[in-house]
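With the hints as your guide, set chains B and C onto chain A.
First to last, the sequence lines map onto chains A, B and C.
Be aware that the first sequence starts at 1, since it is given in the numbering used here, and climbs by one per residue.
Be aware that the second sequence starts at 1001, since it is given in the numbering used here, and climbs by one per residue.
Be aware that the third sequence starts at 2001, since it is given in the numbering used here, and climbs by one per residue.
Keep in mind that the hints were calculated from the coordinates and are not lab data.
Treat the hints with care, since some could be wrong.
Pairwise CB distance ranges, derived in the manner of DEER restraints [as the list claims (entries may be wrong)]:
{"id": "1", "chain 1": "C", "residue 1": "S2004", "chain 2": "B", "residue 2": "V1068", "range": "25 to 33 Å"}
{"id": "2", "chain 1": "C", "residue 1": "Q2146", "chain 2": "B", "residue 2": "S1042", "range": "26 to 34 Å"}
{"id": "3", "chain 1": "C", "residue 1": "L2178", "chain 2": "B", "residue 2": "I1178", "range": "41 to 49 Å"}
{"id": "4", "chain 1": "A", "residue 1": "H188", "chain 2": "C", "residue 2": "K2077", "range": "53 to 61 Å"}
{"id": "5", "chain 1": "B", "residue 1": "E1175", "chain 2": "C", "residue 2": "Q2146", "range": "26 to 34 Å"}
{"id": "6", "chain 1": "B", "residue 1": "R1069", "chain 2": "C", "residue 2": "S2073", "range": "19 to 27 Å"}
{"id": "7", "chain 1": "B", "residue 1": "Q1037", "chain 2": "C", "residue 2": "S2073", "range": "29 to 37 Å"}
{"id": "8", "chain 1": "B", "residue 1": "R1069", "chain 2": "C", "residue 2": "Y2176", "range": "47 to 55 Å"}
Every residue, glycine too, gets a C-beta built ideally from N, C-alpha and C.
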Amino acid sequence: MTSDLKVVLPGDLISVNNESDESSMNVDDDVPLVRLGPGLTQVQEDIVSMKAGVLKHQDPGNKWWLESNQRRYVAATGESVIGIVVARLAEYYRVDIGGAQAAILPVLAFEGATKKNKPNLVPGTLVYARISLANKDMEPELQCFNPSSGKADGYGELKGGFVIRCSLGLCRRLLNPETPILRFLGEHFPFETAVGMNGRIWVNSENPQYTILLANAVKNSEYLSEAQCKAMVESLIDKL
Amino acid sequence: MVREAEPSLNEKQFVLRALKDGLRTDGRRPYDFRSIQISFLSEYGHVQIQLGRTRVTRVSAKVTAEVVRPRPDKPTEGLLLFNTEISPMASPAFEIGRPSEEEVLISRTIEKALRRSRAVDTEGLCIVAGEKVWSIRVDLHFFDHEGNLVDCASIAAITALLHFRRPDVTVIGEEVTIHPMDQRNPVPLSVHHIPICVSFSFFADGELLVVDPSIIEEQIREGDMTIAMNIHKEICALSKAGGIPLEMDQIIRCSKIATTKTAEITELIQKALADDKAQRQSK
Amino acid sequence: MKRSDGRTEPSQLRAFAASQSLLNRADGSAKFSFGESTVIASVVGPAEVKIRDEKMDEATVEVIVRPAVGFPSTKDKLLERALRQTVEPTILAGMMPRTLIQIVVQIVQEDGNMLSTAVNAISLAMLDAGLPMNSLAAAVSAIIDQEGNLLLDPNSKELENASSVHTFAFDNTTSYNLLLSHCIGTYSQEQYLDCLDACKHASERVHSFIRTAVEKRIEKEYQQLQSS
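Only chain A is shown next, with the shape it has when bound in the complex (with noise of 0.2 Å):
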């Protein structure tokens, strides 16, 4: 699995076309269709990398996509993100989520909002939102709502708990439920989780001990393997 890695770097170029398979040809004329992800872009004829990662391809659909690591949040439409309110204003809630500009709620972007009943944040307050709006140009844009069911579905202020700070490839792996170290944590103890890809992590169980332990076994599991991580859960949960 390790041994075809790919690594690139930037202004490294990519030749996708060799791979390319019948499924994937445009029929109008017979040029493969290829679909960028993060950390690709074209330049004239060519397909140029971004960042340094590995490349990803998936096969149906003649995808191709970077995958790396960093700290900095990029909004992207559609992730979930923890931010906290810094501002009210009289038409929307100021929210910093760890990106370049502070992001923009709408006191109405709640399940059930109407002009009369809102909830009502104070700066300082943790909400777990989708951005629904992200573009370079502008502030991207909250809403704590499905949009597909117009209910929370766990979106909304988060109550209590502790929060982590971390890489964001680390908050990718964690969105699995199945990651080695949420199974080993889950075995000694019951705790809730919220996972912003935007480097943030809400942790919370039902007493501090736990959630420091929580906290600190997550931050460092980062490049630590399956068993590293169950020593790792194994030694804290006997120092207890």
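Just chains B and C now, with coordinates in the frame of chain A:
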């Protein structure tokens, strides 16, 4: 200007709640200092100090010496200068050319703890009275700010001063010869005592206290105090700039904690210096 | 020919060393050394920018140089400018309008060649920060000494005996574009072209070193995650 992100209310409440149970968010107990890692670079007097293991506070100190003319009012005293300008590398909250209150306080505390407490014998730096003295400068580089820069900086500065060697000089009449390091063994500075800064943060009206605060503890604390002490249990400097008023007992308790921490840290520094010396000799 | 630090060839570079992600507060960081010359660079961004520095169509790139000893001087300001002009064209600043990319360079130890050491450190730090870039810069210096010899990667002792000092940075695209040409002293056109050529070859080695360093790091991370 990049601002330091304020912690959320949830984090503030959690830190306080955990402290009431005697717990800290990085897994330490209230009176625990983070682990201190001392590493020496190839030149004499160039040291890097790291507080903690994963999220670390990191400061390095570099000592250099040059020959200058002494101040007219103190013709027989050498100079000892500190440069504590903090770059945005340590934290986006620091700006070049516009020192924040925090930066000024760090700089003042280091000055008071090391220079004004006469830790280094400046008279011994005189070469020819009124003509030539050594000027020793300590440049502190702040790399990572995860809380308690001041203690980290003070440990870096004093360790670097202890590690430093200046070129040997001979004076015959008016003639001053500075011997290059490869010709004659360089000489260490004469250090009278080793002041170590130990910082405290206070919460809940001064009821709760922690040693060696992490960055989140610094952000939500109600008051703070730094005690610079040496192994002889002498207080070299004490800084309590604002914050909540403290009970006398609390200050006594802090100075007792500082006594033990100072002893531990001094021992650590001396061991690191001895190890480095042995390593350099074996080369 | 024997050089003052034991190197045997005029075209020999000192040993490279590099590490990435060594700082935790910055978005990206790296350390790069040519022998004893060592620089740590950190990158923050895309971050909030001051209104007066804001550019409506691209990111503002700021470079701050911190000397190893003393306060920043004119020399450091000059270095800041050269570094900014070298790395700015490699950043896809148009993808991050109205933001700030702040680069801080801390000189750790000086033994000649600081400009090229800093360029390489910044390149690695920008990779670590994951900034969108169109290419990567790598730099090498050379001198023509009093006797007319061309020496690559001079140390501070050799610099004392230099009649001209040349630093060049190249990107890693197929056309291998020149990003920086910084020369001090008197030299002939021929000598200039010789230096350019020598530095071009040497910078290919720096580029491949950077590539290996990044590859090793990423491969190691993947291995750790997958070994169970």
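Okay, the hints, checked on the actual structure:
1. S2004/C x V1068/B: 25 to 33 Å: 29 Å, holds
2. Q2146/C x S1042/B: 26 to 34 Å: 29 Å, holds
3. L2178/C x I1178/B: 41 to 49 Å: Taking Cβ atoms as reference, L2178/C and I1178/B lie about 44 Å apart, which means the hint holds.
4. H188/A x K2077/C: 53 to 61 Å: 56 Å, holds
5. E1175/B x Q2146/C: 26 to 34 Å: 31 Å, holds
6. R1069/B x S2073/C: 19 to 27 Å: This hint holds: roughly 21 Å between Cβ atoms.
7. Q1037/B x S2073/C: 29 to 37 Å: 32 Å, holds
8. R1069/B x Y2176/C: 47 to 55 Å: Since R1069/B and Y2176/C have Cβ atoms about 52 Å apart, the given range 47 to 55 Å holds.
Of the numbered hints listed earlier, not one is contradicted by the structure.
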